[in-house]
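Peer 1: Chain residues, written in single-letter form:
Number of protein chains: 2
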Amino acid sequence: MTNMASNNPPFLAACHRQKTPHTPVWLMRQAGRYMEEYRTLRAQHDFLELCKRPELAAEITVTPVERLGVDAAILFADILLILEPMGVGLEYSKGDGPMIHRPVRSGKDVDALKDFEVKRELSFVYDAVKRIRKTLKASVPLIGFAGAPFTLASYLIEGGGSRNYVRTKTLFYKAPEAWKRLMKRLAQVIAEYLNCQIAAGAQAVQLFDSWAGCLAPADYEHFVLPYTKAVIDAITPGVPVINFSTGTTGLLKHIRASGGDVIGLDWRVNLDEGWATVGHDVAVQGNLDPVTLFASPKEIRRHVADVLRRAGGRPGHIFNLGHGVLPETPVDHVIAMVDAVHELSAR
Amino acid sequence: MTNMASNNPPFLAACHRQKTPHTPVWLMRQAGRYMEEYRTLRAQHDFLELCKRPELAAEITVTPVERLGVDAAILFADILLILEPMGVGLEYSKGDGPMIHRPVRSGKDVDALKDFEVKRELSFVYDAVKRIRKTLKASVPLIGFAGAPFTLASYLIEGGGSRNYVRTKTLFYKAPEAWKRLMKRLAQVIAEYLNCQIAAGAQAVQLFDSWAGCLAPADYEHFVLPYTKAVIDAITPGVPVINFSTGTTGLLKHIRASGGDVIGLDWRVNLDEGWATVGHDVAVQGNLDPVTLFASPKEIRRHVADVLRRAGGRPGHIFNLGHGVLPETPVDHVIAMVDAVHELSAR
Numbered sequence: 001m002t003n004m005a006s007n008n009p010p011f012l013a014a015c016h017r018q019k020t021p022h023t024p025v026w027l028m029r030q031a032g033r034y035m036e037e038y039r040t041l042r043a044q045h046d047f048l049e050l051c052k053r054p055e056l057a058a059e060i061t062v063t064p065v066e067r068l069g070v071d072a073a074i075l076f077a078d079i080l081l082i083l084e085p086m087g088v089g090l091e092y093s094k095g096d097g098p099m100i101h102r103p104v105r106s107g108k109d110v111d112a113l114k115d116f117e118v119k120r121e122l123s124f125v126y127d128a129v130k131r132i133r134k135t136l137k138a139s140v141p142l143i144g145f146a147g148a149p150f151t152l153a154s155y156l157i158e159g160g161g162s163r164n165y166v167r168t169k170t171l172f173y174k175a176p177e178a179w180k181r182l183m184k185r186l187a188q189v190i191a192e193y194l195n196c197q198i199a200a201g202a203q204a205v206q207l208f209d210s211w212a213g214c215l216a217p218a219d220y221e222h223f224v225l226p227y228t229k230a231v232i233d234a235i236t237p238g239v240p241v242i243n244f245s246t247g248t249t250g251l252l253k254h255i256r257a258s259g260g261d262v263i264g265l266d267w268r269v270n271l272d273e274g275w276a277t278v279g280h281d282v283a284v285q286g287n288l289d290p291v292t293l294f295a296s297p298k299e300i301r302r303h304v305a306d307v308l309r310r311a312g313g314r315p316g317h318i319f320n321l322g323h324g325v326l327p328e329t330p331v332d333h334v335i336a337m338v339d340a341v342h343e344l345s346a347r
Numbered sequence: 001m002t003n004m005a006s007n008n009p010p011f012l013a014a015c016h017r018q019k020t021p022h023t024p025v026w027l028m029r030q031a032g033r034y035m036e037e038y039r040t041l042r043a044q045h046d047f048l049e050l051c052k053r054p055e056l057a058a059e060i061t062v063t064p065v066e067r068l069g070v071d072a073a074i075l076f077a078d079i080l081l082i083l084e085p086m087g088v089g090l091e092y093s094k095g096d097g098p099m100i101h102r103p104v105r106s107g108k109d110v111d112a113l114k115d116f117e118v119k120r121e122l123s124f125v126y127d128a129v130k131r132i133r134k135t136l137k138a139s140v141p142l143i144g145f146a147g148a149p150f151t152l153a154s155y156l157i158e159g160g161g162s163r164n165y166v167r168t169k170t171l172f173y174k175a176p177e178a179w180k181r182l183m184k185r186l187a188q189v190i191a192e193y194l195n196c197q198i199a200a201g202a203q204a205v206q207l208f209d210s211w212a213g214c215l216a217p218a219d220y221e222h223f224v225l226p227y228t229k230a231v232i233d234a235i236t237p238g239v240p241v242i243n244f245s246t247g248t249t250g251l252l253k254h255i256r257a258s259g260g261d262v263i264g265l266d267w268r269v270n271l272d273e274g275w276a277t278v279g280h281d282v283a284v285q286g287n288l289d290p291v292t293l294f295a296s297p298k299e300i301r302r303h304v305a306d307v308l309r310r311a312g313g314r315p316g317h318i319f320n321l322g323h324g325v326l327p328e329t330p331v332d333h334v335i336a337m338v339d340a341v342h343e344l345s346a347r
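So the protein sequences, as listed, match chains A and B. The C-terminal position of the first sequence is numbered 347 in this note's numbering, with every residue numbered one higher than the one before it. The C-terminal position of the second sequence is numbered 347 in this note's numbering, with every residue numbered one higher than the one before it.
Warning: the hint list may mix true and false statements.
Identical copies carry no separate label here, and so any pair may be met within one copy or between two of them.
Stated by the list, open to error - Under the rule of at most 35 Å between Cα atoms (straight-line distance), these lysine-lysine pairs were calculated in the DSBU-like manner:
no., residue 1, residue 2
1, K298, K229
2, K298, K108
3, K137, K229
4, K94, K253
5, K180, K19
6, K94, K174
7, K298, K180
8, K19, K184
9, K253, K19
10, K19, K94
11, K108, K134
12, K298, K184
13, K52, K184
14, K174, K298
15, K108, K229
16, K130, K94
17, K119, K137
18, K52, K19
19, K253, K229
20, K184, K253
21, K253, K134
22, K130, K19
Derived from the structure by calculation, the hints contain no laboratory data.
Chain A on its own, in the form it takes in the complex:
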């Protein structure tokens, strides 16, 4: 569909590599701790409550869209919510980040994961989607999301964040059958979860494979790619999928092979080189270093110009950071970035 004009909002048009009046831009964690409105709500409610009360999740989702002038909204939720009904003891502890109290370490643990009705147990997410879709201007698309099978598996196995992913990799090396069962199950649940978000009103979905960057290409290919692909293949046809990861410059060809209408590129690769690697027959999203937003607005503008120059005006570029907005980021710098993208890319 390249080079065709479109009545789609710019974000959706870019997902389909259609021409847009300007390069669309949104930010991962555009609703987050860097924003005073969020901190105020967070002081009154714990994190899970914010996710589980649709009116709060909706408010958090919509506020930054108006404040920043971005081209898309992303559902406020967390990639680990889907693990809670599996009965592994998910806890968002203060300071230490999320923890899994009963991590998965063996085939027996995999088989002990609870089956659950994705449609019913996570209905609060779909309720939030519906409410957001009602509140949000019709011209602003809403992005749903989920963690990718590998990233969720690594949380389940490590029990939290990890530096070296020793337990995760040891499981796939030493118990490949258990690994396969776990990944198949996750892929199925994730696809259903995303399709429920779509049914509720999400117009695009992003799959977060945030930790895939720890993998060697051959391991990604054997132990991860088939399951990411299974998720993407099962998504409601016509709804764009963004395949996001970080630290995966050496994996980009495999990531492309796992699917998606849009491939995420982080800042560790020049956008033109990354796009050439994944192929110009797919859209890309990225790729400013989130820390650049700590520089002066003038310096930020210079970096935005460089990313846009590397995108070369080719249809199918969605501007974004390479990862989420960091907590201490100045809000006016974020706005300066969004404005710079719109101004410098105006066609």
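Given chain A, work out where chain B should sit, using these hints.
Peer 2: For chain B alone, kept in the frame of chain A given last:
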């Protein structure tokens, strides 16, 4: 010097891309916590004492060479030792990793760094080198090392390890002159430190830019490359330099441009693709995932074979892990890896 036979030990011959009877192999942190001999010594002495007493550092350096049958020894020391005489309050605290009590956050802090005589203040390192060279078999080369300017600067600025390097990047964005002064000073001290190790008997040196993988290519090019290059350009002629980093698949061309006879490739890129990117007119070192050593010896052998296949028998490949041996690694798996490299590459 490609394709010439050599009387050099295999490790040194490979640094110069000369033919070798087998692919040489050594491991980063081959002397470390995974080994009982090391843990026994460490239980009796604190970490700095092990570094500062040449007879202990020498013993720790030599033991794994005999135990593992590797083709090179690497000096037992730490990249942060060089920061101690700068007066920033370096402490190896238990559990939390190394800390800098008076981190560098401004131009004023940069100017307050103490000048010191590299030859005198770090003489314990050169004494260790001399002692190791006396103990070690003549056929086993000894590698000296230092942290690269960026990695040392980020420790000085962040005060320890970091997730996002916000303070480091903010300094180079907002105070580029202070950054330049800091990097120039580090480059000078590092080069002198490495040349003193060489004068004492080190036959090759490795520059560890362990954290360069957090950088965007343009930032590496402007804020890092000139200083890494300055170090490498100042090294005693004829002594091979290994330019090591991790997570830098998207930076490899710039890393090559910063110099070195051997470029480190981590496991996040296929060795053949990484070698093609840096150019076949330079040697490469790598690139097994350290976590692979937790797999079965059979699986390890399969992975070794894959790396060797990708190296294609081309002179100038030094087998190594993509990063250091992890603390829980089984020693017999390390030995299985070394044996597999020697057996499968025998020519």
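Peer 1: Hint by hint, which ones does the structure fall short of?
Peer 2: Violated hints: 4, 5, 8, 10, 11, 18, 21; rest satisfied.
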